[in-house]
Amino acid sequence: MQFQLLFEEHRALVYRFVYAMTGDADAAAELTQETFFRAFKAREAFEARSAASTWLCGIARNATLNHLRTRGRFMAVEPQERAGSDRADAALIGGELRGAIRAALQRLDVDKRTVFILKVIEEKSYEEIAAITGSAIAKLKTDLHRARLQLREALRGYTEGR
Amino acid sequence: MTCTECRSPSATEICADCARENAMFAAWRDSIEVPAMTFHSPRPRNTWWLAAAAAAVIAVVIGVVSLRRVPPAPGTPDAAAHYRRAIARAAPHAASIPFAAELDAAIRNAERTAEPGDPIAVAHVVAAYDAKLQLMRRTAHD
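In the order they appear, the protein sequences are chains A and B.
First residue of the first sequence: 263, per our numbering; consecutive thereafter.
First residue of the second sequence: 2, per our numbering; consecutive thereafter.
The set of hints was computed from the structure by calculation and includes no laboratory data.
We put the beta carbon where it would ideally sit given N, CA and C, even for glycine.
Some hints here could point you the wrong way.
[Unchecked claim] Per label pair, the in silico range of CB-to-CB distance:
| hint | chain 1 | residue 1 | chain 2 | residue 2 | range |
| --- | --- | --- | --- | --- | --- |
| 1 | B | S9 | A | K303 | 44 to 52 angstroms |
| 2 | B | A57 | A | A307 | 38 to 46 angstroms |
| 3 | B | A24 | A | R311 | 27 to 35 angstroms |
| 4 | A | T332 | B | A27 | 29 to 37 angstroms |
| 5 | B | A12 | A | K303 | 44 to 52 angstroms |
| 6 | B | A37 | A | R305 | 20 to 28 angstroms |
Generate coordinates for the entire structure from the input sequences, incorporating the hints supplied.
Shown next as C-alpha cells:
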C-alpha cells in the first residue's frame with residue numbers, strides 16, 4: 263500500500279520527465295511503468311538519504327538513457343508526437359509551439375536535455391539534479407547555460423514579441 | 002550582475018528573457034497530459050505448481066499406459082480352440098499317428114512363442130494344429 267501511494271504521488275513527475283526526455287508519449291508510459299517496477303524491486307535498498315522524487319528521477323533517467331541508446335541504434339527517425347499527448351485545452355500554449363519545444367529539446371544532447379528538464383521544467387535544485395545525475399554542480403550549470411542558449415536560438419521565432 | 006541562468010547581463014538574478022522562457026516552459030509542462038496508469042506490483046514467482054502439474058501429467062500418462070488392456074491377439078485362441086475341438090472329434094477314429102510327440106511339441110512351441118496380435122504367430126499355431134489334424138484324418142482313412 264505504501265508503494266502504491268508513492269506511485270500515485272510521483273507518477274506524473276516521472277512521466278513528464280521521461281516524456282520531455284524522449285518526446286514520445288508511448289515510450290514515456292512504458293518507461294514510467296519500468297521506472298516504478300525497478301523502484302519496487304529496489305525499495306528495500308532505498309535508504310531515504312534523498313527525497314523519493316530524487317530517487318525515482320534517478321531510476322527514470324537510467325531507464326530513459328537505456329531506451330535512447332537502443333532507439334538511437336535502431337531508429338533514425340524522430341518520434342512523432344501522438345495526437346492527444348498534450349492536453350487539447352492548453353490555451354496558454356499553442357500546438358505549434360508545443361511541438362517546437364518538444365523537437366528543440368530532442369536536439370539537445372542528453373546531458374544538457376536532462377539538466378534543462380530537471381532545472382527549468384521540473385524546478386529541481388542543483389543539489390537534487392547532482393544527486394540524480396551524479397554530475398558536479400559546476401558541470402550542471404555549464405550544461406544548463408549552453409542548453410538555454412541553444413533552445414533560445416531554436417525557439418526564437420516563437421518567443422520574440424511575446 | 003549576470004543572469005544566473007543564461008549569464009547575460011541582467012539587473013536581476015534571472016533576466017527577463019529567462020523569466021519569459023521559464024513561464025513558456027512551465028506552460029508546456031502543464032500542457033502535458035499524463036495518462037491514467039496503474040501499478041501492479043510483481044508477484045513472487047511460484048514454481049511449485051509447475052512441478053505439481055508435471056507430476057500430475059506424468060501420473061496420468063503412467064496410469065493410462067498401465068491400464069490399457071492389451072487386446073487379445075486376434076485369431077490365436079480361436080484357432081487353437083477350433084483345432085482342439087476338431088482333433089478331439091477325430092481322435093476316436095484315428096490310429097496312433099506317427100510323429101505325435103513331435104507334432105504336439107510343435108503345437109506347444111507355436112502357442113508359447115505366439116505374440117498377441119501377430120498374424121504370423123496365428124499362422125504357426127494353425128499350421129502346427131493342422132498338421133496334426135490332417136495326419137490324424139489320413140490315418141483314419143488308411
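Okay, the hints, checked on the actual structure:
Our hint of 44 to 52 angstroms for S9/B and K303/A holds, since their Cβ atoms are close to 45 angstroms apart. For A57/B and A307/A, the hinted distance range of 38 to 46 angstroms is satisfied, since their beta carbons lie about 39 angstroms from each other. Between A24/B and R311/A the beta carbon distance is about 33 angstroms. The supplied range of 27 to 35 angstroms therefore holds. Separation of T332/A from A27/B is about 31 angstroms and conforms to the stated range, judged on CB atoms against 29 to 37 angstroms.
Between A12/B and K303/A, the C-beta spacing of about 50 angstroms keeps the proposed range 44 to 52 angstroms intact. Taking the beta carbon of each, A37/B and R305/A are about 23 angstroms apart, inside 20 to 28 angstroms as hinted.
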